[in-house]
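S.K.: Positions 1 to 290 (the numbering used here) are the ones given, in order, by the sequence shown.
Derived from the structure by calculation, the hints contain no laboratory data. Remember, predicted model here, so these are calculated numbers, not experimental data. It cannot be assumed that every hint is accurate.
As the list claims (entries may be wrong) - In silico EDC-like pairs for lysine to aspartate or glutamate, Cα to Cα no more than 16 Å straight-line: (1) K3 / E29; (2) K137 / D150; (3) K278 / E263; (4) K165 / E185; (5) K53 / E64; (6) K4 / E64; (7) K254 / D102; (8) K4 / E22; (9) K85 / E64; (10) K254 / D78; (11) K137 / E182; (12) K289 / E252; (13) K177 / D196; (14) K3 / D78; (15) K289 / D267; (16) K129 / E252.
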Amino acid sequence: MNKKPNFFIVGAPRCATTTVYEVLKRHPEVFMSPVKEPCFLSGGRGKIGSWKKYYELFEGAKDEKIVGEASTPYLYSDRAIENIKKITAEPRILIQLRDPIDRAVSQYKRNIRTGIEQRSFEEIIEQEKKQLSNVKKSKLQYLGYGFYSDHVKNYFNHFGRKNVKVILFEELIVNKKSKFREIYEFLGISFSYLPDHIDKYNAGTKPRLPWINDFIMGSSMSKRFLKRIIPQRVKNLFIPKIRDYLNLSKEEIKVKLTEGMREDLIDLFSANINQLGKLINADLSHWDKK
């Protein structure tokens, strides 16, 4: 019988969840799903279509203390919370957060890199600002994803604070070893494996070969072609690696925010940042400075 997961990295997107996933995957007391972002518990994105296939993700687990997966949509999903509760009564939940403006910029860079976004950042922000009052925030992946407070509170309420760990991106980047030590302590695993060097994953760089990028990540026609010739499990494991190996240059995508635009966004997020700071007992004033 396959082991069931007892640990979930639930987001937010673009907050170094891939870095944490990759480091934990190499820890001898941890088994992480070979597929990052299965997203099944929140309704899925087509990768995993059934509970049977979901549990197959963990068939390689042996006697590891921690068996986990990482799916960033879970932070915003009530459905994911209910499904996690069905799997285990005492999960460990890791939430990673960052300055919501920086997170939105990083999301934009990733979407440019993967070919799913062609609009300017300014155009996107103006469109989403108009939608905030009549569209569920969690449906808006640039601005909406940055209103963290209610979602963190939701996880605290369902699983208890002792089972939910919040890590700030800015602190993780500055002091990786200290923050990984906190994560290891939270998971109850040995400190003996703390890597000397921690790579940066999913950087916002320009495609080196746009035509490869467009073929792998772009049109529905190319995706249907790949689906016909490559089994889904193989595609999940190897397409991201092939894409990153062939397609990423060293040139970073530049996004310049005008002073007025940044001030408007700080005003937009300010109240939610204050709520979050009180909720997690953290000084987030560096997120709220004009």
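S.K.: Does each hint fit the structure? Answer for all of them.
M.R.: Hint-by-hint comparison with the structure:
no. : hint        : verdict
1   : K3 / E29    : holds (14 Å)
2   : K137 / D150 : holds (11 Å)
3   : K278 / E263 : violated (22 Å)
4   : K165 / E185 : holds (10 Å)
5   : K53 / E64   : violated (20 Å)
6   : K4 / E64    : holds (11 Å)
7   : K254 / D102 : holds (12 Å)
8   : K4 / E22    : violated (20 Å)
9   : K85 / E64   : violated (21 Å)
10  : K254 / D78  : violated (35 Å)
11  : K137 / E182 : violated (31 Å)
12  : K289 / E252 : violated (25 Å)
13  : K177 / D196 : holds (8 Å)
14  : K3 / D78    : violated (24 Å)
15  : K289 / D267 : holds (10 Å)
16  : K129 / E252 : violated (26 Å)
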